[in-house]
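Order-wise, the sequence lines are chains A and B.
Counted from 1, the first sequence has number 366 at position 366 by the numbering used here; the numbering is strictly sequential.
Counted from 1, the second sequence has number 131 at position 131 by the numbering used here; the numbering is strictly sequential.
A few of these clues could be false.
As a list, the in silico EDC-like pairs of lysine to aspartate or glutamate whose alpha-carbon atoms are at most 20 Å apart [unchecked claim]: (1) A:Lys-316 / B:Asp-54; (2) A:Lys-382 / B:Glu-166; (3) B:Lys-145 / A:Glu-407; (4) A:Lys-382 / B:Glu-169; (5) A:Lys-72 / B:Glu-29; (6) A:Lys-72 / B:Glu-166; (7) A:Lys-412 / A:Asp-352; (8) B:Lys-65 / A:Glu-77; (9) A:Lys-72 / B:Asp-28; (10) A:Lys-44 / B:Glu-29; (11) A:Lys-72 / B:Asp-23; (12) B:Lys-145 / A:Glu-49; (13) A:Lys-21 / A:Glu-399; (14) A:Lys-21 / A:Glu-407; (15) B:Lys-145 / A:Asp-15; (16) A:Lys-21 / B:Glu-169; (17) A:Lys-382 / B:Glu-160; (18) A:Lys-310 / A:Glu-329; (19) A:Lys-72 / B:Asp-54; (20) B:Lys-65 / A:Glu-70; (21) B:Lys-145 / A:Glu-339; (22) A:Lys-72 / B:Asp-25.
To spell it out: a stretch of chain B is covered by chain A in this simulated footprint if at least three of its residues, at any positions, have a beta carbon under 8 Å from a beta carbon of chain A; those stretches are [unchecked claim]: (23) 39 to 51; (24) 67 to 73; (25) 78 to 89; (26) 136 to 150; (27) 155 to 165.
Some residues of chain B that are not near chain A, with every Cβ distance over 10 Å (derived) [claimed, not checked]: (28) Asn-13; (29) Val-14; (30) Ile-15; (31) Ile-16; (32) Leu-33; (33) Gln-36; (34) Gln-57; (35) Glu-169; (36) Arg-180; (37) Ala-184; (38) Ala-189.
Since the hints were derived computationally from the structure, they do not count as laboratory data.
Note that the structure is a prediction, hence the values are computed from the model and not measured.
We put the CB at the ideal spot given by N, CA and C, even for glycine.
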Amino acid sequence: MPIRHVDKFIEAYLDNQLSPKIRTQVENHLQECPLCTDHLYEAKRLRRELGPVLRITLGQPAPPSRLHLEVKQALREQASSSRFRINWVAPVRVFGAVGNMALMAALAFGAFVVIRGYIPGVDLLYNLPIDVSSRVNPLSSQLVPTPILMIDNATKDQNSKFPKPGEGRNTLGDTLKNLPNSLGGSAGAVKDAPAKPDAMTITEVKGDSNGYHRPMASGQDYGTADGLSDPALPSGTIAYALYDPTPGIEAFRTYFISPDGSNLRQYALIDVSEPALSPKADNDYPLAVRTWEEKSNPRTILTTDFPSRKQTAVAKYWEDAQADWSPTENRIIFASQRESDRIWRLYTAWGDGSREDNLSREGQSPTFAPDGKRFAFESCDKYGTSCGLWVGHLYDSPESGYGLILEDRSAKSPDWSPVDEKIVYMSNPHNNWDLFMVNSDGSNVQQLTDDPAIDGLPAWSPDGDWVAFISNRGDEWGLWILHVASGELHQTVTFENGYLIPEDRRPYNEHGKRSWLDEQISWSSN
Amino acid sequence: MCNKDVNKEVNENVIIARWQAGDQDAFDELYHLHAQAIYRLGWAMLQQSQAAEDVVQETFLRAYKARHRFDPTRASFGTWLYQIALNYCRSHLRRKRLLTIPWLRQTDDAPDMPDTRPGPESHTLRGEYRRMLWEAVQGLSEPLKEVVTLHYYMELPAVEIAVMLECPEGTVYSRLHNARRRLAEMLTAQGLTAPEILEAQNAH
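Construct the complete structure from the given sequences, taking the supplied hints into account.
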């Protein structure tokens, strides 16, 4: 049992708010640790001083007696005529501030246009209006791109729920960019992309909405040749996001690929990542993504309604992240740092954006169990100890109903099997990220990979037999799949020179660097 | 004692019910019960008497507008009012930050309080320590200053603060812990070592 300092418990200890068990542990530790004892004295001193200092300096003022009548009067006005007391000072100041901000914004905009050489937001008009179905697009209807997956007839399953070309959806191909099979992943897109890729998309759209379908890669070009034609390879679609560092783009692109490396497609919406595909066959909203684009509004988690190809913002804040679909409902669970303390907390929302619920629990990377009620996530208890994987239930109290199943501070990105009680996750116990598996009751921890390369971001296959993950084996990042029972391993695709992450997180998050660890991948049968 | 508290609570519930129905007298009673605490909260957060008066007024206006949303199972009426007041203070501070562009700054934005000019007491080590401690509190980040004010000045228990801030109780304690570490650091940076602090506290 490692010795932990109890500094952070001291306030709760002095307030007598610790459970008897933790209290005993704290007291035992204090007897042995001079450092924590010092902190205890320091806390006691401050407690003794802070109250009096604040009370002496601030005084104990009382509101003037006239205030009672003023408030009463204001209430009466509010009640009778809905008029508020107008304080002219505030509006004048606000006008002043707004004017100044507008001036500064105009200057910044001007500087941006001069430096970057194009007007920000123009491409967005073409690229993706939110909820296009309910808006009149100023451009011709042919140019209205709606986000949708491109499906290759040759390789796509017959039972696909995604719309197929030629089904009368005349804008089907409009917003997709099929990747040439010789290019292999995002790097190809990067290499061949003209300086203004958005412009190119539009040009192609003008030419022929469906005319640029090209034969898909058969898979041999990606990864290991052997086994790619193996009929036993699993089916479905794996979604992942790569960062495209091309100057002028500098954005995430989200891709879809079959596990055998064929059928590589790019999602129409640029600068979205952390994709989550719904495992539910009749879900109207099969995809959730996190949007980064500052120009898009709102910048948060979006779901896509494929029947009407409508984008719906299901969350409210740009910090909302790490969505995972319920296998039983049109519902996502996600984590967000939206509160001012920047602590990750868990939320759920309906795919149609109709309601959001705060689970009132700190945590990250939530993942639903097959029953759609329980979920696993990474977190610590409220004292910052007992860190690792937790399991909660939507209807349980976060305080008493959630349980720690695995104590492992480095355990990350859990994914709960769609068919049973196994949870796959990544951990770096020896300073090397590998994949592990644990039962939802915390039993039977198994290490799945032990390659010296990084293995991470695991995602179960829909049948629960395979795990897709990201790895930099052979010094190249790529997507791999692992058959859990046999250990059989295949590479699905190599991200040639592709970036998993921006090197500098600045445009994405002012609170630190974004690394590959922050991404997620997703695998569905659709 | 216990019965008295229960009676008091029942009594307040009756008043709240009348107030929700629009009874003016009920408002008077609630005002007398809570206005002073709200005024002090506003005063401690904004340190301007006019602003503190606005806090009281806005809190009661907003509370009245939202009176049917008050949920007694979630928080006491006082905590609910505090929460409204705190939100108003936060937006006021945000607005103020927006407006504190140097050339826009107006003289009446300066706090009325506190007067930290050296007084007779500051010649003693204890007085000096208190002044430094006050300045250190002012130097805390907004969320930390908030919990320090609520806990040590308003003397609210952590569990109530947690309801107001809509965060777990553990978060309140971790902020109090962070605030203590920050204050200790700042006092050390001021050159006050632990023995001196101890001496200052023992001095009378």
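Against the structure, the hints:
A distance of roughly 30 Å separates the Cα atoms of A:Lys-316 and B:Asp-54; the hinted pair therefore is violated under the 20 Å criterion. Taken as a hint, the A:Lys-382 and B:Glu-166 pair is honoured in the structure, with Cα atoms around 14 Å apart against an allowance of 20 Å. Between the alpha carbons of B:Lys-145 and A:Glu-407 the distance comes to roughly 33 Å, so the proposed pair goes past 20 Å and is violated. Our distance criterion of 20 Å between C-alpha atoms is met by A:Lys-382 and B:Glu-169, whose separation comes to about 8 Å.
With a C-alpha separation of about 12 Å, the suggested pairing of A:Lys-72 with B:Glu-29 holds against the 20 Å cut-off. A distance of roughly 29 Å separates the Cα atoms of A:Lys-72 and B:Glu-166; the hinted pair therefore is violated under the 20 Å criterion. Using a Cα cut-off of 20 Å, the hinted pair A:Lys-412 and A:Asp-352 is violated, with the two alpha carbons roughly 28 Å apart. This hinted pair checks out: B:Lys-65 and A:Glu-77 have alpha carbons roughly 12 Å apart, not beyond 20 Å.
Under the criterion of a C-alpha separation no larger than 20 Å, the hint pairing A:Lys-72 with B:Asp-28 is consistent with the structure, at around 8 Å. Straight-line distance between C-alpha atoms of A:Lys-44 and B:Glu-29 comes to about 38 Å, which puts the hinted pair past the 20 Å bound. Annotation: proposed proximity of A:Lys-72 to B:Asp-23 holds, straight-line Cα distance about 12 Å (limit 20 Å). For the hint pairing B:Lys-145 with A:Glu-49, the CA-to-CA distance comes to about 15 Å; that is within 20 Å, so the pair holds.
Our distance criterion of 20 Å between C-alpha atoms is met by A:Lys-21 and A:Glu-399, whose separation comes to about 16 Å. About 18 Å separates the Cα atoms of A:Lys-21 and A:Glu-407, which keeps this hinted pair within 20 Å; it holds. Only pairs whose Cα atoms come within 20 Å are accepted, and B:Lys-145 paired with A:Asp-15 is accepted, the gap being roughly 19 Å. Distance hint between A:Lys-21 and B:Glu-169 is fulfilled; the C-alpha atoms sit about 18 Å from each other, no more than 20 Å.
Under the criterion of a C-alpha separation no larger than 20 Å, the hint pairing A:Lys-382 with B:Glu-160 is consistent with the structure, at around 16 Å. With a C-alpha separation of about 19 Å, the suggested pair A:Lys-310 and A:Glu-329 falls inside the 20 Å cut-off, and the hint holds. The straight-line distance between the Cα atoms of A:Lys-72 and B:Asp-54 is roughly 13 Å, inside the 20 Å bound, and the hint therefore holds. A C-alpha spacing of about 17 Å is found between B:Lys-65 and A:Glu-70, which places the hinted pair at or below 20 Å, so the restraint holds.
Simply put, B:Lys-145 and A:Glu-339 have alpha-carbon atoms about 16 Å apart, close enough for the 20 Å limit, and the pair holds. Straight-line distance between C-alpha atoms of A:Lys-72 and B:Asp-25 comes to about 10 Å, which keeps the hinted pair within the 20 Å bound. Counting residues of the segment 39 to 51 of chain B whose C-beta lies closer than 8 Å to any C-beta of chain A gives 6; at least three are required, and the coverage claim holds. Note: the segment 67 to 73 of chain B has 0 residues with beta-carbon separation from chain A under 8 Å; the three-residue rule is not met and the coverage is violated.
With 0 residues having a Cβ less than 8 Å from any Cβ of chain A, the segment 78 to 89 of chain B misses the three-residue criterion, and the hint is violated. Note: the segment 136 to 150 of chain B has 5 residues with beta-carbon separation from chain A under 8 Å; the three-residue rule is met and the coverage holds. Requiring three or more residues with a Cβ within less than 8 Å of a Cβ of chain A, the coverage given for the segment 155 to 165 of chain B holds, as 4 such residues are present. The claim that B:Asn-13 is not at the interface with chain A holds, since no C-beta of that chain comes within 10 Å of its own (minimum 21 Å).
Every beta carbon of chain A lies more than 10 Å from that of B:Val-14, the smallest distance being close to 20 Å; the non-interface claim holds. Listed as outside the interface, B:Ile-15 is consistent with that label: its C-beta sits roughly 15 Å from the nearest C-beta of chain A, beyond the 10 Å cut-off. At roughly 15 Å, the least C-beta separation between B:Ile-16 and chain A is larger than 10 Å, which holds for a residue marked as non-interface. Interface exclusion of B:Leu-33 from chain A stands, the closest Cβ pair being 12 Å apart, more than 10 Å.
A beta-carbon of chain A is positioned within 10 Å of the beta-carbon of B:Gln-36; the least distance is around 5 Å. In this structure B:Gln-57 is not separated from chain A by more than 10 Å, as the shortest Cβ-Cβ distance comes to only about 5 Å. In this structure B:Glu-169 is not separated from chain A by more than 10 Å, as the shortest Cβ-Cβ distance comes to only about 7 Å. For B:Arg-180, the non-interface assignment is contradicted: its Cβ lies about 6 Å from the closest Cβ of chain A, within the 10 Å cut-off.
A beta-carbon of chain A is positioned within 10 Å of the beta-carbon of B:Ala-184; the least distance is around 6 Å. Residue-level check passed: B:Ala-189 sits 15 Å from the nearest beta carbon of chain A, beyond 10 Å.
Hints 1, 3, 6, 7, 10, 24, 25, 33, 34, 35, 36, 37 from the earlier list are contradicted by this structure; the remaining hints agree with it.
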